[in-house]
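Chemist: The primary structure of each chain is shown beneath.
Number of protein chains: 2
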Amino acid sequence: MSSTTGPAGASVNRQWRLAARPKGLPVMTDWEFRGEPVPEPGDGQFLVRLLYISLDPAMRGWMNDGRSYVPAVGVGEVMRAGGLGRVVASKHPDFRAGAHVVGTFGVQDYAISDGRGVIRVAGDSAPLVQYLSALGMPGMTAYFGLLEIGHPVAGETVVVSAAAGAVGQLVGQIARIKGCRVVGIAGGAEKCRFIVEELGFDAAVDYKNEDVRAALRERCPDRVHVYFDNVGGEILDIVLTRLALHARVVLCGSVSQYNNEGPARGPSNYMALLVDRARMEGFVVFDYAKRYAEAAREMAGWIADGRLKSVEHVVDGMELFPETLLKLYSGENFGKLILGVGDKTG
Amino acid sequence: MSSTTGPAGASVNRQWRLAARPKGLPVMTDWEFRGEPVPEPGDGQFLVRLLYISLDPAMRGWMNDGRSYVPAVGVGEVMRAGGLGRVVASKHPDFRAGAHVVGTFGVQDYAISDGRGVIRVAGDSAPLVQYLSALGMPGMTAYFGLLEIGHPVAGETVVVSAAAGAVGQLVGQIARIKGCRVVGIAGGAEKCRFIVEELGFDAAVDYKNEDVRAALRERCPDRVHVYFDNVGGEILDIVLTRLALHARVVLCGSVSQYNNEGPARGPSNYMALLVDRARMEGFVVFDYAKRYAEAAREMAGWIADGRLKSVEHVVDGMELFPETLLKLYSGENFGKLILGVGDKTG
Numbered sequence: 094m095s096s097t098t099g100p101a102g103a104s105v106n107r108q109w110r111l112a113a114r115p116k117g118l119p120v121m122t123d124w125e126f127r128g129e130p131v132p133e134p135g136d137g138q139f140l141v142r143l144l145y146i147s148l149d150p151a152m153r154g155w156m157n158d159g160r161s162y163v164p165a166v167g168v169g170e171v172m173r174a175g176g177l178g179r180v181v182a183s184k185h186p187d188f189r190a191g192a193h194v195v196g197t198f199g200v201q202d203y204a205i206s207d208g209r210g211v212i213r214v215a216g217d218s219a220p221l222v223q224y225l226s227a228l229g230m231p232g233m234t235a236y237f238g239l240l241e242i243g244h245p246v247a248g249e250t251v252v253v254s255a256a257a258g259a260v261g262q263l264v265g266q267i268a269r270i271k272g273c274r275v276v277g278i279a280g281g282a283e284k285c286r287f288i289v290e291e292l293g294f295d296a297a298v299d300y301k302n303e304d305v306r307a308a309l310r311e312r313c314p315d316r317v318h319v320y321f322d323n324v325g326g327e328i329l330d331i332v333l334t335r336l337a338l339h340a341r342v343v344l345c346g347s348v349s350q351y352n353n354e355g356p357a358r359g360p361s362n363y364m365a366l367l368v369d370r371a372r373m374e375g376f377v378v379f380d381y382a383k384r385y386a387e388a389a390r391e392m393a394g395w396i397a398d399g400r401l402k403s404v405e406h407v408v409d410g411m412e413l414f415p416e417t418l419l420k421l422y423s424g425e426n427f428g429k430l431i432l433g434v435g436d437k438t439g
Numbered sequence: 094m095s096s097t098t099g100p101a102g103a104s105v106n107r108q109w110r111l112a113a114r115p116k117g118l119p120v121m122t123d124w125e126f127r128g129e130p131v132p133e134p135g136d137g138q139f140l141v142r143l144l145y146i147s148l149d150p151a152m153r154g155w156m157n158d159g160r161s162y163v164p165a166v167g168v169g170e171v172m173r174a175g176g177l178g179r180v181v182a183s184k185h186p187d188f189r190a191g192a193h194v195v196g197t198f199g200v201q202d203y204a205i206s207d208g209r210g211v212i213r214v215a216g217d218s219a220p221l222v223q224y225l226s227a228l229g230m231p232g233m234t235a236y237f238g239l240l241e242i243g244h245p246v247a248g249e250t251v252v253v254s255a256a257a258g259a260v261g262q263l264v265g266q267i268a269r270i271k272g273c274r275v276v277g278i279a280g281g282a283e284k285c286r287f288i289v290e291e292l293g294f295d296a297a298v299d300y301k302n303e304d305v306r307a308a309l310r311e312r313c314p315d316r317v318h319v320y321f322d323n324v325g326g327e328i329l330d331i332v333l334t335r336l337a338l339h340a341r342v343v344l345c346g347s348v349s350q351y352n353n354e355g356p357a358r359g360p361s362n363y364m365a366l367l368v369d370r371a372r373m374e375g376f377v378v379f380d381y382a383k384r385y386a387e388a389a390r391e392m393a394g395w396i397a398d399g400r401l402k403s404v405e406h407v408v409d410g411m412e413l414f415p416e417t418l419l420k421l422y423s424g425e426n427f428g429k430l431i432l433g434v435g436d437k438t439g
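Residue numbers (our numbering), protein chains in the order written: chain D, 94 to 439; chain E, 94 to 439.
Hints may contain errors.
Calculated from the model, a selection of chain E residues having no Cβ within reach of chain D, i.e. all distances over 10 Å [said to hold, decoys possible]:
{"no.": "1", "residue": "Ala112"}
{"no.": "2", "residue": "Asp123"}
{"no.": "3", "residue": "Gly196"}
{"no.": "4", "residue": "Arg306"}
{"no.": "5", "residue": "Gly346"}
{"no.": "6", "residue": "Glu354"}
{"no.": "7", "residue": "Ala365"}
{"no.": "8", "residue": "Glu374"}
{"no.": "9", "residue": "Ala393"}
{"no.": "10", "residue": "Glu412"}
{"no.": "11", "residue": "Ser423"}
For the chain D half of the interface with chain E, some residues (derived, Cβ under 10 Å), not all of them [said to hold, decoys possible]:
{"no.": "12", "residue": "Thr334"}
{"no.": "13", "residue": "Ala371"}
{"no.": "14", "residue": "Trp395"}
Cβ-to-Cβ under 7 Å is the rule here; a few derived chain D residues that face chain E [said to hold, decoys possible]:
{"no.": "15", "residue": "Ser161"}
{"no.": "16", "residue": "Tyr162"}
{"no.": "17", "residue": "Pro164"}
{"no.": "18", "residue": "Val168"}
{"no.": "19", "residue": "Ser347"}
{"no.": "20", "residue": "Pro356"}
{"no.": "21", "residue": "Ala357"}
{"no.": "22", "residue": "Tyr363"}
{"no.": "23", "residue": "Met364"}
{"no.": "24", "residue": "Leu367"}
{"no.": "25", "residue": "Glu374"}
{"no.": "26", "residue": "Val377"}
{"no.": "27", "residue": "Arg384"}
None of these hints come from the bench; they were simulated from the model. Being a predicted model, the structure only gives us computed values, none of them experimental. Even glycine gets a Cβ: it sits at the ideal position worked out from N, Cα and C.
Okay, chain D solo, but in the shape it has when bound (with noise of 0.2 Å):
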């Protein structure tokens, strides 16, 4: 049995706690960021040391009260994120120190766990910030809902939205994996030529520099059969303009809407669903999991053959989560945005 600090002496837990429901985007009122002693394991249980926190979208809606696909987090308690860590100790027979770990530990240095909902990181095959990336849950909302919600079939247009976002870059590239030609709307002319000449997608739409409407009339000539949406909003009723017959509209997220203090903007044009035979269909990747195993195998052997990359983006430093979870809502964030918290050499 190790110690219960961490390493290098750091025996303060901190801790990004929820004070107050934001409205509209969080602000640094909305958090309390506290300094906790580092907890002991009990029998059963083990502590995890956190390295890595994966910030996302649906963070935000976590916050919100009301029905949800998950309970929201209470005001006073430590946030709500997927993270992976290593054991530093342990009482539990599963989990032994010195195990890479994933799982929802929250926005803190240390978490205790008994090991529910909790992955072992398989060994060093990969990077440890792929298994919060493509192998983790990025990967397996993409994977599922494009392929098990949008049924693309080779010759197909799949259409994706923040294209450049953890999940988008990673659906456009299994699309093009599965014969599909693949457009990524994305903000930012450096976002459009990455999606392209770095992840292989067929063409880019540009919305914050070009007419969306008119860029998808040229780029998808046979319309648009797969339609994956992280954002919601006006893109959203624009690609419902563009649909072809029988196409699936996979609602991944609706990230231009989550900050909103009124009601969400529906889409105007739903009825393009009864013009197109269309149809639009919501997923919980939690839903899956029990194939995430074998869907991480395939993309790791994507990714070992060269087909398929896992773009991250790392911030360094706990005390710059409320600042960098901002990032997703402004489109900053290049891949999939972490926050970087511990020491990884440990």
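Let chain D serve as the given structure and place chain E on it in line with the hints.
Modeler: Just chain E now, with coordinates in the frame of chain D:
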């Protein structure tokens, strides 16, 4: 070959033509009422004397320019409408004088046809009007929309809006036949009483006099597995908050929005589709044309067994077309709205 004039000396073909594209509800100046000579069929053609003209909410959409599942009616053209009539003159080998036929004959007394898209009515097994109701397009729409898109399973809760209308009355009854709990949303106490007491729905929600959200919560304790939407707008938004996991929303129409001058109201709560892993899907009944006969046979069997009622609301008088059409949008009709135009005894 019989005379090309109709029965009882009606030798003028009264027509309602589209005079202008309506903004909002169609007004009298959007129409031209014209008398034309009764046309004569050429080789391979026949002349139909209309008896019943079908009035459908979708007609409003046909008056607008823009992409839809059928081309718009041109300004100056006879208004498109389904209808049932009697062949009164024929140079077509398959359509003899005296036969009853259903087709898209327009809002006029007489129509020339080459038989394309025309269905011969089988015999006297059912009242003629039923071929524009349960055994016609509303029946096909209810049957294929509910069964092929909604996939109702016995024991599930099915909700239908415009429940006392042409399609809604049939959707609810078919869902009952399939063993579902059925809740209809309709306007006014009389319609609500009718769908429960006469048509056998399990419950009704009176959207004109009740809080729809509270009423649905009470009358759909297991939430909503299938929602067959004929109305869009606020009611769609409310039902989205009551979906069961893996619910199916069948988009059949959005009659509350057809006369909007601005963009339609999109469903603000569409992200409920994600939370509930649900789908919203449109369909166009014409896609099932090859299976109409099969469906009509099954519907006729249910009618014969007393399990299904086909309710029609017939208003007599060609001159009453414009004002009768408006009943669809004010919700005055009770069952399938039909304009009676010819002498049924001839």
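Chemist: What hint numbers does the structure not satisfy?
Modeler: Of the numbered hints, 5, 7, 8, 14, 17, 18, 27 do not hold.
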